[in-house]
Amino acid sequence: MNISGQAMPTGDGSATQRAYNTLRKMIVTGVLKPGEKLKIDGLRQRLDTGASPIREALSLLTSDNLVERLDQRGFRTAEISAENFNEILTLRCTLEDLALRESIANRTQDWEEDVVLAHHRLRRAKTEGSEAFEEVHKAFHMALLANAQSPILMKFCSQLYDLNIRYRYLAGSALNYQKRDVGEEHSGILEAAIAGNTQEASERLLTHYRLTGEFLSGLLGDGALG
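Going by this note's numbering, the sequence shown opens with residue 2, and the numbers climb by one from there.
It is possible that some hints are incorrect.
Result set (DSS-like, lysine-lysine): computed pairs, CA atoms no more than 25 Å apart in a straight line [unchecked claim]: (1) K156 / K139; (2) K26 / K127; (3) K127 / K139; (4) K156 / K26; (5) K40 / K26; (6) K26 / K38; (7) K40 / K156; (8) K34 / K139.
The following label-pair restraints were derived from C-beta to C-beta distances [claimed, not checked]: (9) K40 / D115: 40 to 50 Å; (10) Q110 / S188: 18 to 28 Å; (11) E84 / Q150: 29 to 39 Å; (12) G36 / E201: 39 to 49 Å; (13) R124 / N198: 16 to 26 Å; (14) T91 / E132: 22 to 32 Å.
FYI, nobody ran anything at the bench for these hints, they're computed from the structure.
Glycine is no exception: its CB is placed at the ideal position from the N, C-alpha and C atoms.
Using the sequences and the hints, build the whole thing.
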């Protein structure tokens with residue numbers, strides 16, 4: 002399955018999976034710019050794979066809302082806009098709040114240990130300046146939600162994470178946290194969740210997202226990401 006929970010095509014599945022993962026990362030991290038035409042031949046050479054896996058991967062990425070299909074003219078990376086970002090942020094806050102509340106309601110010792118471990122890995126990656134930071138960052142946020150026992154909800158939360166984080170990558174060095182201690186924000190969410198304090202955990206999580214969202218919305222309004 003891909004990261005959105007869809008079944009991968011049979012036959013050349015491994016090649017399609019590799020192409021999907023690589024293209025997804027290139028789009029999310031901004032290597033492929035918003036609105037950029039995605040030509041099969043160019044991508045085939047860039048990824049050193051066949052045309053068929055590229056086409057299949059691009060089709061899967063349209064379902065993730067990271068790629069747009071152009072009628073009879075191929076594909077391009079999804080455009081960005083203030084309206085799109087605000088919709089993503091609203092949906093992410095709504096669905097993750099629901100998932101977090103369910104996850105805490107169902108909390109178990111195994112879940113608590115998984116969340117604590119994910120947070121430890123996140124702090125270590127941040128301290129070491131690891132290239133894997135974004136991977137463990139997502140793993141921490143998804144671990145918080147993992148005990149919701151709702152695969153469809155988790156699929157959407159994972160997809161919205163990628164759509165949201167794409168804007169943060171596009172902001173690049175413009176996004177600074179001089180007035181925030183993001184590590185402390187993560188710790189606060191963790192502590193409230195482990196303590197079973199659902200309301201506090203929810204409030205901390207939503208504040209965490211909205212603070213970043215306000216800054217990114219400002220950049221979009223100034224045209225800094227366009």
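Evaluation of the provided hints:
no. : hint                    : result
1   : K156 / K139             : holds (13 Å)
2   : K26 / K127              : holds (20 Å)
3   : K127 / K139             : holds (13 Å)
4   : K156 / K26              : holds (17 Å)
5   : K40 / K26               : holds (17 Å)
6   : K26 / K38               : holds (16 Å)
7   : K40 / K156              : violated (28 Å)
8   : K34 / K139              : holds (22 Å)
9   : K40 / D115: 40 to 50 Å  : holds (42 Å)
10  : Q110 / S188: 18 to 28 Å : holds (20 Å)
11  : E84 / Q150: 29 to 39 Å  : holds (33 Å)
12  : G36 / E201: 39 to 49 Å  : holds (41 Å)
13  : R124 / N198: 16 to 26 Å : holds (21 Å)
14  : T91 / E132: 22 to 32 Å  : holds (31 Å)
Hint 7 from the earlier list is the only one contradicted by this structure; the remaining hints agree with it.
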